[in-house]
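Peer 1: Here's the letter readout for the chains.
Number of protein chains: 2
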Amino acid sequence: MLVVQKYGGTSVGDIEKIKNVARRVAQTKDKGNDVVVVVSAMAGETDRLIGLAQQLAEIPDEREMDLLLSSGERVSAALLAIALKAMGYKARSFTGRQAGFITDEAHTKARIKRIEAKNILEALKRGEIAVVAGFQGVSELSHDVTTLGRGGSDTTAVALAAALNADVCEIYTDVTGVFTADPRIVPNARKIEKICFEEMLEMASAGAKVLQVRSVEIGMKYGIPIHVRSTFSEEEGTMVVPFSKEMEEVLVSAVTYDKNQARITFIDVPDRPGIAASIFRPIADANINVDMIVQNVSHEGLTDLSFTVARTDLPKAVQVVEEVVKEIGAKGYTTEDRIAKVSIIGVGMRSHPGVAAKMFETLAKEGINILMISTSEIKVSCVIDEKYTELAVRALHDAFNLGEG
Amino acid sequence: MLVVQKYGGTSVGDIEKIKNVARRVAQTKDKGNDVVVVVSAMAGETDRLIGLAQQLAEIPDEREMDLLLSSGERVSAALLAIALKAMGYKARSFTGRQAGFITDEAHTKARIKRIEAKNILEALKRGEIAVVAGFQGVSELSHDVTTLGRGGSDTTAVALAAALNADVCEIYTDVTGVFTADPRIVPNARKIEKICFEEMLEMASAGAKVLQVRSVEIGMKYGIPIHVRSTFSEEEGTMVVPFSKEMEEVLVSAVTYDKNQARITFIDVPDRPGIAASIFRPIADANINVDMIVQNVSHEGLTDLSFTVARTDLPKAVQVVEEVVKEIGAKGYTTEDRIAKVSIIGVGMRSHPGVAAKMFETLAKEGINILMISTSEIKVSCVIDEKYTELAVRALHDAFNLGEG
Chain S
88 MLVVQKYGGT SVGDIEKIKN VARRVAQTKD KGNDVVVVVS AMAGETDRLI
138 GLAQQLAEIP DEREMDLLLS SGERVSAALL AIALKAMGYK ARSFTGRQAG
188 FITDEAHTKA RIKRIEAKNI LEALKRGEIA VVAGFQGVSE LSHDVTTLGR
238 GGSDTTAVAL AAALNADVCE IYTDVTGVFT ADPRIVPNAR KIEKICFEEM
288 LEMASAGAKV LQVRSVEIGM KYGIPIHVRS TFSEEEGTMV VPFSKEMEEV
338 LVSAVTYDKN QARITFIDVP DRPGIAASIF RPIADANINV DMIVQNVSHE
388 GLTDLSFTVA RTDLPKAVQV VEEVVKEIGA KGYTTEDRIA KVSIIGVGMR
438 SHPGVAAKMF ETLAKEGINI LMISTSEIKV SCVIDEKYTE LAVRALHDAF
488 NLGEG
Chain Z
88 MLVVQKYGGT SVGDIEKIKN VARRVAQTKD KGNDVVVVVS AMAGETDRLI
138 GLAQQLAEIP DEREMDLLLS SGERVSAALL AIALKAMGYK ARSFTGRQAG
188 FITDEAHTKA RIKRIEAKNI LEALKRGEIA VVAGFQGVSE LSHDVTTLGR
238 GGSDTTAVAL AAALNADVCE IYTDVTGVFT ADPRIVPNAR KIEKICFEEM
288 LEMASAGAKV LQVRSVEIGM KYGIPIHVRS TFSEEEGTMV VPFSKEMEEV
338 LVSAVTYDKN QARITFIDVP DRPGIAASIF RPIADANINV DMIVQNVSHE
388 GLTDLSFTVA RTDLPKAVQV VEEVVKEIGA KGYTTEDRIA KVSIIGVGMR
438 SHPGVAAKMF ETLAKEGINI LMISTSEIKV SCVIDEKYTE LAVRALHDAF
488 NLGEG
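Going down the list, the sequences are from chains S and Z. Under our numbering, think of the first position of the first sequence as 88, with each following residue one higher. Under our numbering, think of the first position of the second sequence as 88, with each following residue one higher.
Everything labelled a hint here was simulated from the structure, so no lab data went into it. Careful, some of the hints might be misleading.
Copies of the same chain look alike in the list, so a pair counts if it works inside one copy or between any two.
Unchecked claim - Straight-line alpha carbon distances no greater than 27 Å define the calculated DSS-like cross-link-like pairs of lysine-lysine that follow:
1) K177 with K403
2) K346 with K200
3) K445 with K308
4) K403 with K106
5) K118 with K200
6) K346 with K452
7) K403 with K452
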């Protein structure tokens, strides 16, 4: 078997943990597998580096941020390779460049254009364990270091598993799998044994931090089974696999929340054709993802228009919005950053109407006001005041009977 | 003018200090100069990373150490570029690879084979400040990250100054220049205004930590004046320049010491031709620098042979020595690591005999036993018991009247 394993920041958080990872990797190798290991930065390191940069610039240059942040994964890769060699195993570290991750030029959110896996394949042929620095690549045109966005090491792992046609991609983390809700908020949350890519994708988009969205997309596209499991236990985790019919028997699979949300509202926007494009083109050009968009009914040719972005993107978004307000002749804009998004997800929704209504009733019963709504075939999301997040998640988890026992 | 500046670890030790460096760089740019800045890792970072690696392996793999340690300078370069851009300057970071530092394959002690400075020249042409991560390059054959050895950022700076044909290379550090002795040990040590490359070279080899040996060699070879000065003061520092006749008027320019010393002695070595080669070839192959070598007069075909290496190389050297002892049929070996080397340096020695004798007398008067001696045209070094280091340095500084006033 060819196994790609990815160990997150908490799994390599200190020297004892790195030794533990080395032992797990060695076990997998000892069973006769070819092993590729992708590592994240040691827990806290990425935040420490971001903190340093933010003391120097409100909005640090993105090319430089990529050079800065990529160092964390390089350190982890070197340390794990050192540990494996000290245990007598053949091992070799690979930077994003050496692993062949060629990306576009979108710094801090680069997309993989292709993976030139020659170096890694040769290492495997020599019987070496390949230790790959996650989260990073090199841009195709300018040959600069790029990073794949927060959680990008998941994407490194799954994309590499696809490129190498691996049998499985194991994502090692500090929880034992994917849960019906965040167990820190919902004590009786249940571990999900098997979940389909579509649901996992919606969960990741809706704030479940267990896997990066793009890693799930890639797994789905190439049919790479992803095994989400704990570094600190031998327990089987959650298998993320292609959809199968019997999965629709479950109405709602999970409740998620996302506090990394902010809302921007344009006030008194002239309601004429092309106005949305004038607003969202410059925001897209600034590489800011817009999530929900709501436009009010127009009065006297003027309307209000709200949209949400990641809270961490708010300063950058505001810079763009300042310009846009002038250009389109809006009266002004407001921002709110104390909001959160709660979502319910399940492929079963497709065949069972009334799920959204039940969600709204549940929130209403708790006295929680809904600020924005968005739906997909297998997901319903509501934006609410941040302070109600935990209450909302628990109420929904109960309402849809997701708990244990 | 084209100015290459290098800022050491203490100069970029925290965010406030990085801002200070950014201001100094900006001042130099504002004066109409083209500026290339080389930075070290933030103070303590390299030691922190070495400490992590040593918890994983007694002798960590050197290829992996290079990947590990090179991250420190990359972080500094990114942060300084962020700071400069936030101040409104055009700036761009360069990794060792991007700066064009092509080296041999000798990990942890790589030598620069050539510098392909195209990227930096283009940046300067665009009016950008080039911020270069010091200490690192990329190996010519295997395209791996390499490092230039402890203090390698000095070499990065001077070599780059040579490649760019810069007018001056300024080495910014936490002291105001090169002193007649370490001011922490000798309170009345004097700052040297002007010193020639040859003396600086001997000082660096003899333990003065202010400049890496190779950086001085390169400065000498290409005639690049090196200005050693403080990041934290506007005071003029020490100019390292080509030799001129009037420099010989000074008998001894400085006293230095080096505690990073260890001695290995082979006991009862069969005294036959080729024995020295059998001993020192494998040590050289392991990339360990041998400093002094002393062979005793042979008795009954057996002799003792001692040599010194950097204390930090001792574990690696012992590995080699274990093998060599068996091969050459020696009785055994001993190691001592509580020794130090004190040296006096001055181009004036060439024309004034008796300097060495005065050194030995001075040490004898203090009751300090000399374990090994080595001399060059402009240097005398003695290996002594480490505990006498400070006493010896002070006595020699006095004996040769190097003090202030």
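Peer 1: Please go over all the hints and tell whether each is borne out by the structure.
Peer 2: Each hint tested on the structure:
{"no.": "1", "hint": "K177 with K403", "in the structure": "between (45 Å within a copy, 20 Å between copies)"}
{"no.": "2", "hint": "K346 with K200", "in the structure": "neither (31 Å within a copy, 52 Å between copies)"}
{"no.": "3", "hint": "K445 with K308", "in the structure": "neither (32 Å within a copy, 80 Å between copies)"}
{"no.": "4", "hint": "K403 with K106", "in the structure": "between (40 Å within a copy, 23 Å between copies)"}
{"no.": "5", "hint": "K118 with K200", "in the structure": "neither (33 Å within a copy, 43 Å between copies)"}
{"no.": "6", "hint": "K346 with K452", "in the structure": "within (22 Å within a copy, 75 Å between copies)"}
{"no.": "7", "hint": "K403 with K452", "in the structure": "neither (37 Å within a copy, 71 Å between copies)"}
In this structure, the hints that do not hold are numbers 2, 3, 5 and 7, in rising order.
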